[in-house]
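Asker: Protein sequence lines correspond, in order, to chains S and A. Add 14 to a position in the first sequence, counting from 1, and you land on the number used in our numbering. Add 720 to a position in the second sequence, counting from 1, and you land on the number used in our numbering.
Note that these hints are calculated values from the structure, not bench results. Just to be clear, a hint being listed does not mean it is correct.
[Claimed, not checked] SDA-like mimics (lysine to any residue), calculated; alpha carbons at most 25 Å apart, straight line: (1) S/K182 to A/Q743; (2) S/K120 to A/L778; (3) S/K119 to A/A748; (4) S/K119 to A/K1021; (5) A/K782 to A/Y792; (6) S/K120 to A/F763; (7) S/K182 to A/M745; (8) S/K182 to S/L267; (9) S/K119 to A/R737.
Remember, it's a predicted structure, so these values are computed and weren't measured experimentally.
Below are the chains, spelled out letter by letter.
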Amino acid sequence: MALGRKSTLNRVLTVDLPMLAILVFTLGPYLWMLLTSLTAESELFTRGPSIFDLVWSNYERLFANVGFARNMLDSFIIAAGTVVVGLTLSVTAAYSFSRFDFRFKKVLLLQFLLINMFPLVLLILPLFVLMRQLGLLDTHFALIVANSTIAIPFSVWMMTSYINGIPKSLDEAAMTDGCSRLQAMRKVILPLCAPGIIATGIYIFITAWNEYLYALTLGGQNVRPITVAVQTMIGEYQVQWGLLTAGGIVGALPATILFLIVQRRLVGGLTQGAVKG
Amino acid sequence: MTTTSVPEQEGPTSGRRAALWRQVMPLALLSPAVLVTLAIVFFPMIQTAWMSLHNYVLFRPKNFDWVGLQNYFNIFQDEVFWISLHHTILWIVITVPAQALLGLATALLLNQKFPWRPLARALIIIPWALPSVVIALMWAWIYDSNYGILNDLLLRVGILETSIPWLANPDTALYAIILTLTWQGFPFFAVMILAGLQSIPQSYYEAASLDGATPWRQFWHITLPGISGVLFTAILLRTIWVANSMDVIFVMTGGGPGYSTYTLPLYSFLEARTNLNFGYGSALAMTFTLMLLGIVILYLKRSAKAVQ
Chain S
15 MALGRKSTLN RVLTVDLPML AILVFTLGPY LWMLLTSLTA ESELFTRGPS IFDLVWSNYE
75 RLFANVGFAR NMLDSFIIAA GTVVVGLTLS VTAAYSFSRF DFRFKKVLLL QFLLINMFPL
135 VLLILPLFVL MRQLGLLDTH FALIVANSTI AIPFSVWMMT SYINGIPKSL DEAAMTDGCS
195 RLQAMRKVIL PLCAPGIIAT GIYIFITAWN EYLYALTLGG QNVRPITVAV QTMIGEYQVQ
255 WGLLTAGGIV GALPATILFL IVQRRLVGGL TQGAVKG
Chain A
721 MTTTSVPEQE GPTSGRRAAL WRQVMPLALL SPAVLVTLAI VFFPMIQTAW MSLHNYVLFR
781 PKNFDWVGLQ NYFNIFQDEV FWISLHHTIL WIVITVPAQA LLGLATALLL NQKFPWRPLA
841 RALIIIPWAL PSVVIALMWA WIYDSNYGIL NDLLLRVGIL ETSIPWLANP DTALYAIILT
901 LTWQGFPFFA VMILAGLQSI PQSYYEAASL DGATPWRQFW HITLPGISGV LFTAILLRTI
961 WVANSMDVIF VMTGGGPGYS TYTLPLYSFL EARTNLNFGY GSALAMTFTL MLLGIVILYL
1021 KRSAKAVQ
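Hey, can you work out the whole structure from these sequences and the hints?
Answerer: Dropping the structure here:
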């Protein structure tokens, strides 16, 4: 009994407390932002944020005056569009990588990995020039294309590793039963991939939702995703930290929730180096 | 391993057609993704290389003059380039080890048994899901010289006597951003190292403690060799991403005050964005990419082995 209490105390000192310290460091800034956003602007500079009288006024102003809802719609259209493009193009490619052997397979597979290693500036400059020439600046289409440069390579890798985990004997059994290769893919493998497809899609959504530099460069007056809206607010309302932090919380919310839902699945893709950090 | 052992009941002609189809199909399935990436990734990259050989300023669109390697020669005489390079190196050699060490500590803790472990594991990754703009905003508020909580805490504890404008002071700005990026990136290391830790068989530790090995020796001789592969891969990946990442700096200071938070990708981006000098900006981007290429190739070689 005494021994048990001692080892519990030992554990608390060597594991629980250090872990708690790291969690305070991890969540502290976020919680501080949350608390600031729930404090009335007038009190922020006199008494500072406090948990005892929380108000929604910053959030009300955010949607009433700043027009945050439209920015969220822009972000949603772009992120959803990128998910569709990324998934449609990558699922068949991933099936091909996983099930066939052909010349240059390794080179082709690695070039998808290579794309994610290039600095963004290398692409952002020419894409801006290109979209400008085509008259596509400030459209959702331009931003979907730009985000696809990240989404396609990522989902090819994720889906390839996912399909690799499905036994080949399933395709063979389907084909012995008279399915063609394409039918086997569509009717047998795709349904089995559904969890992988959903996780990949959600991750693409989060990345596109959070993306900032493309949005800044290729967006404009008509299309202004949430990240750019938040950044513009920093310039405009430098002193109104209550409003700013409310914008930050709202902007981060969808991605944070989705992330907590799929985080377990993503660890697999992460350890393979496909997830952009 | 071609797994195309479909029984063929038809005649020889359709058999040949089926054989051809089997050869073409993998490529046909692959082609949409490959063609689109060629169009939206590799073609623009070639365009960057092409622009870097020209004198190209966006507000003078008529002038697209071939200057050969002149932009590249200019880079080496450009003082801002050397300043940015210096910052980029500092930025990498401080941020990546800091993230790795903090990540290692977190992973070791998460690998212990304690009641709220699942909760801790879920919460630790939150910084990673946040948009960089929000991260930059959040930390700018923490660093705020008048009302920021960092100054407030340090003043109360007595470490500081007057508050410091962390982001407006050329001596502290870069390090303040490095702390922000460490915060953003260490969960990545934690998750990756944790996966490595969990692949070490428990029996190794049991055998070692039977032989009387101290926890420290167990860590040194079992744990560290067990995660060295994962750790090395993570460091390579993270070096590439930290080197490339510029959105947090861009939002927090925009490179300022002066040039004190310029890194190479940021310099290239600002050259194009503010000065509209796409020729020189492209040359900077190309130079930076070539510098990074060594690490990228090292990483690809490791991945190529993993693919087989």
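Asker: Evaluate each hint against the coordinates.
Answerer: Comparing the hints with the structure gives:
1. S/K182 to A/Q743: holds (18 Å)
2. S/K120 to A/L778: violated (39 Å)
3. S/K119 to A/A748: Roughly 13 Å separates the two Cα atoms, so the pair holds.
4. S/K119 to A/K1021: holds (15 Å)
5. A/K782 to A/Y792: Holds - the C-alpha atoms of A/Y792 and A/K782 are around 22 Å apart, at most 25 Å.
6. S/K120 to A/F763: Roughly 21 Å separates the two Cα atoms, so the pair holds.
7. S/K182 to A/M745: holds (17 Å)
8. S/K182 to S/L267: Status violated; Cα separation ~40 Å.
9. S/K119 to A/R737: Holds: S/K119 and A/R737 sit about 23 Å apart, inside 25 Å.
Checked against the numbered hints given earlier, the structure breaks hints 2, 8 and satisfies all the rest.
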